[in-house]
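Student: Read off the chains here:
Number of protein chains: 2
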Amino acid sequence: MTKTGVLNDAPEANRAVEIFRAAAEIIHVKGFHATSISEIADAVRLTKAGLYYYIKGKEDLLYAIMSYGMDLLERHVVAPARLEAKPEDRLRSIVASHARLITNDGRAITILVNELAGLTEEHRRQMMTRQRSYFEFIRDTLEALRSKGRLNEVDTTVAAFSLLGTVLWVSRWYRPGGRLSAEQVVEEIVRLTLGGLVAPAPTEATDEERA
Amino acid sequence: MTKTGVLNDAPEANRAVEIFRAAAEIIHVKGFHATSISEIADAVRLTKAGLYYYIKGKEDLLYAIMSYGMDLLERHVVAPARLEAKPEDRLRSIVASHARLITNDGRAITILVNELAGLTEEHRRQMMTRQRSYFEFIRDTLEALRSKGRLNEVDTTVAAFSLLGTVLWVSRWYRPGGRLSAEQVVEEIVRLTLGGLVAPAPTEATDEERA
Numbered sequence: 044m045t046k047t048g049v050l051n052d053a054p055e056a057n058r059a060v061e062i063f064r065a066a067a068e069i070i071h072v073k074g075f076h077a078t079s080i081s082e083i084a085d086a087v088r089l090t091k092a093g094l095y096y097y098i099k100g101k102e103d104l105l106y107a108i109m110s111y112g113m114d115l116l117e118r119h120v121v122a123p124a125r126l127e128a129k130p131e132d133r134l135r136s137i138v139a140s141h142a143r144l145i146t147n148d149g150r151a152i153t154i155l156v157n158e159l160a161g162l163t164e165e166h167r168r169q170m171m172t173r174q175r176s177y178f179e180f181i182r183d184t185l186e187a188l189r190s191k192g193r194l195n196e197v198d199t200t201v202a203a204f205s206l207l208g209t210v211l212w213v214s215r216w217y218r219p220g221g222r223l224s225a226e227q228v229v230e231e232i233v234r235l236t237l238g239g240l241v242a243p244a245p246t247e248a249t250d251e252e253r254a
Numbered sequence: 044m045t046k047t048g049v050l051n052d053a054p055e056a057n058r059a060v061e062i063f064r065a066a067a068e069i070i071h072v073k074g075f076h077a078t079s080i081s082e083i084a085d086a087v088r089l090t091k092a093g094l095y096y097y098i099k100g101k102e103d104l105l106y107a108i109m110s111y112g113m114d115l116l117e118r119h120v121v122a123p124a125r126l127e128a129k130p131e132d133r134l135r136s137i138v139a140s141h142a143r144l145i146t147n148d149g150r151a152i153t154i155l156v157n158e159l160a161g162l163t164e165e166h167r168r169q170m171m172t173r174q175r176s177y178f179e180f181i182r183d184t185l186e187a188l189r190s191k192g193r194l195n196e197v198d199t200t201v202a203a204f205s206l207l208g209t210v211l212w213v214s215r216w217y218r219p220g221g222r223l224s225a226e227q228v229v230e231e232i233v234r235l236t237l238g239g240l241v242a243p244a245p246t247e248a249t250d251e252e253r254a
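Protein chains in written order, with our numbering: chain V, 44 to 254; chain A, 44 to 254.
Simulated from the structure, these hints should not be mistaken for laboratory data. A few of these clues could be false.
If you only want the chain A side, here are some residues facing chain V, beta carbon under 7 Å, derived [to be verified]:
1) Lys73
2) Ala84
3) Val197
4) Ser205
5) Trp212
6) Glu231
7) Leu235
Covered, in the sense of this in silico footprint (three residues per stretch, anywhere, with C-beta under 8 Å from a C-beta of chain A), are these stretches of chain V [unchecked claim]:
8) 122-128
9) 224-232
Note that beta-carbon positions come from the ideal geometry of N, C-alpha and C, so glycine has one too.
Build the full structure now, drawing on both the sequences and the hints.
Tutor: Written out as C-alpha cells, the structure reads:
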C-alpha cells in the first residue's frame, strides 16, 4: 500500500517510520519552512549524510511523511471499515478508527497531511487524489445510509467534510494524559458525529404496543 | 476591541485591513515562511518601505492578521450571540455567524489563526488567551444548554472542540461559486452541529394526546 520504496524493507522501514514521526513532531511545532534538515538529523541521531540515505531532501521528506500518514489511514481506517456490511456500522468504524489513529500516535502526522503548500506540484496532485478518495469513501457511506432511510436530512458533501473536520481537529486539542483517556475521546467523537447524522432505525411495534 | 493601534484610525484601518486580507491569501497559499515581504508589498501595490509604515516585519504582520481575525470573531460572532438569552438560540447564533464569517471573506484569515508557530512567545500567549476565551464561551453555552436539560449526553469539552473543528474546517473546503451557496452551507452546518447536540424540548402533551 505504501508509495515510498524504502518502506518495503522491514528494518529500514522501521527506521524510516521513526524518522517520519520525529520529523513530523518538529515540523508541527516549528513549521515546515523553519525546520532544518540538521534539526531532524539531530532528533533521530543521524548525520545529515545519514539522513539523506532515507530522504532526498526536505520536500521529499514532507511528501514521505504525508504518504505514510495516508498509508496509516488506508490500513487502519479504510480497510477495516470496508469489511462492515451495514452503512451505520461502516460509518461508526470510520469515525472510531480515525479518531483512535489520531489519539494513539498520529497527531503530528495528521496535522502535516494538510501542509500541501510545501509539496511540489506533482506530489501535491498525488496527495490530493488520495485525500479525495478518502473523502469519497466517507460520502459514499453517508449515501448508503441515506438509501436505507437512516440518514438525517443533511447534504452528504457538507456532512462528510464536517465529520472530517471534527475528527481531524482532535489532533489539535487532544493531549495524552488529560482528563479524558484516548478511548473516552474516541467514544465521545463517535457519539457526537453519529448522533447528528444517523436517524433511528424504524422501530418494529412491540407486542406491548400492539396490545 | 482591536489590539493593533493602526486600526483605530478609519482610512488607515481600511488600508491595513486590505493588506491583512491580501497577505493572508498569499501566506495561506505559500505558507508563512515561504512568503516574502516583497510579495506582500507587490500584492497591495506598495513599496517595501510603504508596507513597513503599516507593519514592523513579518512576525508583526502575522500577529496583526491573527488579531484582526479575532477582532472579526468577537465583533460578528461573540457580540451578537451574547444578546441571545436562550442557550439554544445562543448556540445557533454562534455556529451560524461563525460559519457565515468564514464563507463570506474570512477564509484565509481563519486558516492563519492556527499559524501560532510563526509568532513570538509573547504574541502566541496573547493569541492563545483570546482563542481560549472563545472556546470557553462556546463550552459555557453548552453547559447552559445542559442545565436546561436540552443538551444530549455529551462531554461539553469534546463537543465544543468538535463544533469548532466542523466550523473552522469550512475554511478548508468551501469555495464560493460552488454547488451550494454560502447561506446553504451555513444552514447545513447549523443543522448538522445542532442536530447532534440539542435535545428536543420536552413536549407539552397536546389536547389530542391527552384525549
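Student: Where does the structure disagree with the numbered hints, that is, which hint numbers, in rising order?
Tutor: 2 and 8
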